[in-house]
Amino acid sequence: YGDAISHQIERDHFTNEMIARVTFSNYPYAGDREPRRDETFDFVFPGLRFDATRNEFVAHIRQQEWIPIAALHPNFPYAGYKLEPNAQIFLVKRSGHVTAVLNATALPQGGRCWVQVDDNWSLQNLLALGFERLTR
Numbered sequence: 001y002g003d004a005i006s007h008q009i010e011r012d013h014f015t016n017e018m019i020a021r022v023t024f025s026n027y028p029y030a031g032d033r034e035p036r037r038d039e040t041f042d043f044v045f046p047g048l049r050f051d052a053t054r055n056e057f058v059a060h061i062r063q064q065e066w067i068p069i070a071a072l073h074p075n076f077p078y079a080g081y082k083l084e085p086n087a088q089i090f091l092v093k094r095s096g097h098v099t100a101v102l103n104a105t106a107l108p109q110g111g112r113c114w115v116q117v118d119d120n121w122s123l124q125n126l127l128a129l130g131f132e133r134l135t136r
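Just so it is clear: in the sequence shown, position 128 is 128 by my numbering, and no numbers are missing.
I should point out that these hints are in silico values taken from the structure, not numbers from a laboratory.
Just to be clear, a hint being listed does not mean it is correct.
[As the list claims (entries may be wrong)] The list that follows gives simulated cross-link-like pairs (lysine to aspartate or glutamate, EDC-like), each with its CA atoms no further than 20 Å apart:
{"no.": "1", "residue 1": "K93", "residue 2": "D38"}
{"no.": "2", "residue 1": "K82", "residue 2": "E10"}
{"no.": "3", "residue 1": "K82", "residue 2": "D118"}
{"no.": "4", "residue 1": "K93", "residue 2": "D42"}
{"no.": "5", "residue 1": "K82", "residue 2": "D12"}
{"no.": "6", "residue 1": "K82", "residue 2": "E17"}
{"no.": "7", "residue 1": "K93", "residue 2": "D118"}
{"no.": "8", "residue 1": "K93", "residue 2": "D3"}
{"no.": "9", "residue 1": "K82", "residue 2": "D42"}
{"no.": "10", "residue 1": "K93", "residue 2": "E39"}
Given only the sequences and the hints, what does the whole structure look like? Please build it.
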């Protein structure tokens with residue numbers, strides 16, 4: 001797939017796990033010989049806790065210290081979860097496989113909340129791959 005065309009945060013109502021739902025498309029390569037294909041994948045982040053009273057996902061970073069990862073925003077007509085400014089999800093595309101890596105800190109981060117990384121060796125991609133290896 002060439003690009004992620006949509007992404008959103010969901011909550012599994014049975015397990016209270018955070019899910020990153022991402023739709024990938026081959027639209028950059030689609031044409032007369034190759035029809036467009038879109039496919040949606042769910043990436044689950046089981047290590048987070050769901051705080052039902054605040055309607056948000058939090059991560060444990062130190063003894064008795066939790067940081068917010070994503071919170072419910074009651075937008076009309078549909079409510080949805082949004083990543084907090086201190087959280088980023090890297091979509092790492094490598095050799096036909098995609099991995100979703102959550103990076104969060106106690107302080108707000110600059111830049112985009114959703115970052116796509118592919119097989120090229122730019123500085124941004126190398127840093128994202130480093131984050132992926134650190135979180136394994």
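Hints numbered earlier in the text: which of these fail when held up against the supplied structure? 3
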